[in-house]
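Q: Residue-level listing of the chains:
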Amino acid sequence: MHKYIIRRILVFIPMLIMLSIIVFALATAAPGDPFTGKILDPTVDPEVFNEQREALGLNDPIPVQYLRWATAMAKGDFGESMYYKGRDVASLISERIVNTVYLGVFALVLTLIVAIPIGIYSAKNPYSPLDYGATTFGFFGLAVPNFFFGLIAIYVFAIKLGWFPAQGTISNIHVTGFAEFLDRIHHMVLPGITLGLAGTATYMRYMRSEVLDVLGSDYIRTAKAKGMSDRSVMYKHTLRNAMIPIITLMGFEFGALLSGAIITEQVFSYPGLGTLFINSITNRDYPVIMSITLLLGVAILIGNLLADIFYSIVDPRIRYD
Amino acid sequence: MIQQDVLQVDNLKTYFHLEEGRTAKAVDDISFKISPGETVALVGESGSGKSISALSIMQLINKPGRIEGGKITLNGEEITNYNAKQMTKIRGNDIAMIFQEPMTALNPVFTIGNQITEIIRKHKKMNKQEAHQHAVDLLKLVGLSRAEEMMKEYPHQLSGGMRQRVMIAMAISCDPKLLIADEPTTALDVTIQAQILDLMKEMKERFEMALLLITHDVGVVSQYADRVMVMYGGQIVEESTVDVLLESPKHPYTQGLLASLPMVDKDVARLGTIKGTVPPAYDFPAGCRFSTRCPHVMEQCLSHNPSLSDIESEHKVRCHLYPSEVEE
Numbered sequence: 010m011h012k013y014i015i016r017r018i019l020v021f022i023p024m025l026i027m028l029s030i031i032v033f034a035l036a037t038a039a040p041g042d043p044f045t046g047k048i049l050d051p052t053v054d055p056e057v058f059n060e061q062r063e064a065l066g067l068n069d070p071i072p073v074q075y076l077r078w079a080t081a082m083a084k085g086d087f088g089e090s091m092y093y094k095g096r097d098v099a100s101l102i103s104e105r106i107v108n109t110v111y112l113g114v115f116a117l118v119l120t121l122i123v124a125i126p127i128g129i130y131s132a133k134n135p136y137s138p139l140d141y142g143a144t145t146f147g148f149f150g151l152a153v154p155n156f157f158f159g160l161i162a163i164y165v166f167a168i169k170l171g172w173f174p175a176q177g178t179i180s181n182i183h184v185t186g187f188a189e190f191l192d193r194i195h196h197m198v199l200p201g202i203t204l205g206l207a208g209t210a211t212y213m214r215y216m217r218s219e220v221l222d223v224l225g226s227d228y229i230r231t232a233k234a235k236g237m238s239d240r241s242v243m244y245k246h247t248l249r250n251a252m253i254p255i256i257t258l259m260g261f262e263f264g265a266l267l268s269g270a271i272i273t274e275q276v277f278s279y280p281g282l283g284t285l286f287i288n289s290i291t292n293r294d295y296p297v298i299m300s301i302t303l304l305l306g307v308a309i310l311i312g313n314l315l316a317d318i319f320y321s322i323v324d325p326r327i328r329y330d
Numbered sequence: 176m177i178q179q180d181v182l183q184v185d186n187l188k189t190y191f192h193l194e195e196g197r198t199a200k201a202v203d204d205i206s207f208k209i210s211p212g213e214t215v216a217l218v219g220e221s222g223s224g225k226s227i228s229a230l231s232i233m234q235l236i237n238k239p240g241r242i243e244g245g246k247i248t249l250n251g252e253e254i255t256n257y258n259a260k261q262m263t264k265i266r267g268n269d270i271a272m273i274f275q276e277p278m279t280a281l282n283p284v285f286t287i288g289n290q291i292t293e294i295i296r297k298h299k300k301m302n303k304q305e306a307h308q309h310a311v312d313l314l315k316l317v318g319l320s321r322a323e324e325m326m327k328e329y330p331h332q333l334s335g336g337m338r339q340r341v342m343i344a345m346a347i348s349c350d351p352k353l354l355i356a357d358e359p360t361t362a363l364d365v366t367i368q369a370q371i372l373d374l375m376k377e378m379k380e381r382f383e384m385a386l387l388l389i390t391h392d393v394g395v396v397s398q399y400a401d402r403v404m405v406m407y408g409g410q411i412v413e414e415s416t417v418d419v420l421l422e423s424p425k426h427p428y429t430q431g432l433l434a435s436l437p438m439v440d441k442d443v444a445r446l447g448t449i450k451g452t453v454p455p456a457y458d459f460p461a462g463c464r465f466s467t468r469c470p471h472v473m474e475q476c477l478s479h480n481p482s483l484s485d486i487e488s489e490h491k492v493r494c495h496l497y498p499s500e501v502e503e
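First to last, the sequence lines map onto chains A and B.
If you read the first sequence in our numbering, its first letter stands for residue 10, the second for the next number, and so on.
If you read the second sequence in our numbering, its first letter stands for residue 176, the second for the next number, and so on.
There could be a bad hint or two in this list.
What the hints assert, rightly or not - Under the rule of at most 27 Å between Cα atoms (straight-line distance), these lysine-lysine pairs were calculated in the BS3-like manner:
| id | chain 1 | residue 1 | chain 2 | residue 2 |
| --- | --- | --- | --- | --- |
| 1 | B | K327 | A | K12 |
| 2 | B | K188 | B | K200 |
| 3 | A | K133 | B | K264 |
| 4 | A | K245 | B | K238 |
| 5 | B | K260 | A | K133 |
| 6 | B | K264 | A | K245 |
| 7 | B | K303 | B | K327 |
| 8 | B | K246 | B | K260 |
| 9 | B | K200 | A | K133 |
| 10 | A | K133 | B | K188 |
As the list claims (entries may be wrong) - Across the chosen pairs, the derived CB separations fall in these ranges:
| id | chain 1 | residue 1 | chain 2 | residue 2 | range |
| --- | --- | --- | --- | --- | --- |
| 11 | B | N289 | A | F319 | 14 to 24 Å |
| 12 | B | G394 | A | L151 | 53 to 63 Å |
| 13 | B | T452 | A | L139 | 35 to 45 Å |
| 14 | B | G394 | A | A152 | 56 to 66 Å |
| 15 | A | Y75 | B | R321 | 49 to 59 Å |
| 16 | B | E323 | A | D86 | 51 to 61 Å |
It should be emphasised that the hints constitute simulated quantities derived from the structure, not laboratory data.
None of these values were measured; they are calculated from a predicted model.
Think of the CB as a built atom: it goes at the ideal place given N, C-alpha and C, for glycine as much as any other residue.
The task is simple: from the sequences and hints, build the whole structure.
A: Structure below.
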């Protein structure tokens, strides 16, 4: 098991290098450089810009530029933002990422506590009114785009009913401690639900079909024939087996939540990684774009690794050695 | 004093209510008894209702199936109307069951030890250590010498034969009075089959259990059973002791079944077959259910389903060829 994890982390390295090459290539392939599109002082000799390009290494061959960038990234130096003058990318990201992680965790927890019980109930009572209701909700959740649902949610719950704030993370910078925590949660409700909607629908459907599948299996019949109570049959014998594919799915969810947050955060003006990402695209802030893209890639890789590890814990048939 | 029957089934009916209002009469009015220590074989083709009969006794029929009528009496106590909670005290404790597919009958994500101690702890007042020790003893008893290590292993690490031994260990763990074995060896290699059947016989004698052996293998019946019931189309068509039934089968279906078996001492050029297939349980013929395939079919067979009646002591047949002693 330990060997497996170490091996998986080692495989990480080439994947990371591939990812960085792709990110770098895409950024390089985009037309223009930091000087393009700026209103340049006409009195300055264009030769000066060329000298600047030379000084910044922008005229070097692309592989050389890549190596310089990659070594800096590896050292943790994400570069300096071109838009927010003088701010380094690492500090920009680190102050935003906390909000996004909070939002992601909130959405994931919400997804799981809604989807799993409903999925189980639907499987236990297939074709019951609640099952039909859940199915309808499932299709709705998958069909309605994030941004649209977000706008409706803002209109109904923030503007009309005034139950939840429509934007931001906190309402007052002077609140601290537990009150601050509650305030943050209050701000996260609408974006959290919006972000978790599609996931909730997916997990619910998965859970229903997995539980139904397992309930029909031979070993469940054995458990019943042993005299196990309905509780034990469901929560011990069925659930552990039904969760196996769900856990795989959750590995992907990790990355999907972070990238899904890009749109949701924008809708709710939520100051997270997503908003920063969109803004840096508008501002052609390449160091930030590249760092965030790389970060999302790493998040997906880590998600998959975690899924594989959990997978081997719940399913004894899978042992990677 | 007459010994009390372990199991008595009276007029059991289990129907499946299918879509379009069709009803599959999977088990249609069967009655039988099993005495203590007796091995009774339930024989028939796939789809004849053998397994559904067994699952009905356990009350493990899933929707859209339902026990429509009849009475099931266990050790003199009627259990037909027991609720779900009462049944959990019966299952695994008074009646244990072994299934056909050892490969899938054990839960893949729990250790063997967990799955055996679970049933022991459910029905017996034992603490963890006692249950563990009991489980190890049982595994050794069923011939698994690596018992202690095996407790920590998962089902996929064992072979089919070993898993069926584990199932047997689990089944006998709470000293049931009745063991139902639903085609316990069908999925196993021929060499393993005999071992498993011998083991079941040994355990049955040791623990003084009655055994309801469901099989389609007449060879198994002749070696292990005391009494045989032949099922066709959800009904028992012939019932007798093994010797009588194998020597002089009366029902055309039983005759056909026996003729289809290769015999070491008889040299036949071609084995017999029964034409056609079992009619689906939602579409039985109006009269005798075997009339569509019977070589001796008569006029009255098409309109009247014969009743199961004694033609001699301890030999019942459901066929118009044998007029019953008592006319209805």
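Q: Each hint needs a verdict: does it hold in this structure or not?
A: A quick look at each hint next to the structure:
In summary, the hint linking K327/B to K12/A is supported, as the alpha carbons are separated by about 22 Å, within the 27 Å threshold. For the given pair, K188/B sits about 8 Å from K200/B by alpha-carbon distance, which is consistent with the 27 Å threshold. As the CA atoms of K133/A and K264/B are separated by approximately 22 Å, the hinted pair is consistent with the 27 Å bound. Only pairs whose Cα atoms come within 27 Å are accepted, and K245/A paired with K238/B is accepted, the gap being roughly 22 Å.
As the CA atoms of K260/B and K133/A are separated by approximately 18 Å, the hinted pair is consistent with the 27 Å bound. Taking the CA atoms of K264/B and K245/A, the gap is near 18 Å; set against the 27 Å cutoff, the hint holds. This hinted pair checks out: K303/B and K327/B have alpha carbons roughly 14 Å apart, not beyond 27 Å. Of the pairs offered as hints, the one joining K246/B and K260/B holds, with about 19 Å between alpha carbons and a cut-off of 27 Å not exceeded.
At most 27 Å may separate the alpha-carbon atoms for a hinted pair to count; K200/B and K133/A meet this at roughly 25 Å. With a C-alpha separation of about 26 Å, the suggested pair K133/A and K188/B falls inside the 27 Å cut-off, and the hint holds. Taking 14 to 24 Å as the suggested C-beta distance range, the pair N289/B and F319/A conforms, at roughly 20 Å. Between G394/B and L151/A the beta carbon distance is about 55 Å. The supplied range of 53 to 63 Å therefore holds.
The supplied range of 35 to 45 Å is met by T452/B and L139/A, whose beta-carbon atoms lie about 41 Å from each other. Checked against the hint of 56 to 66 Å, the pair G394/B and A152/A passes, with Cβ atoms roughly 59 Å apart. Between Y75/A and R321/B the CB atoms are about 58 Å apart, so this pair conforms to the stated range of 49 to 59 Å. The hinted window of 51 to 61 Å between E323/B and D86/A holds, with their beta carbons roughly 57 Å apart.
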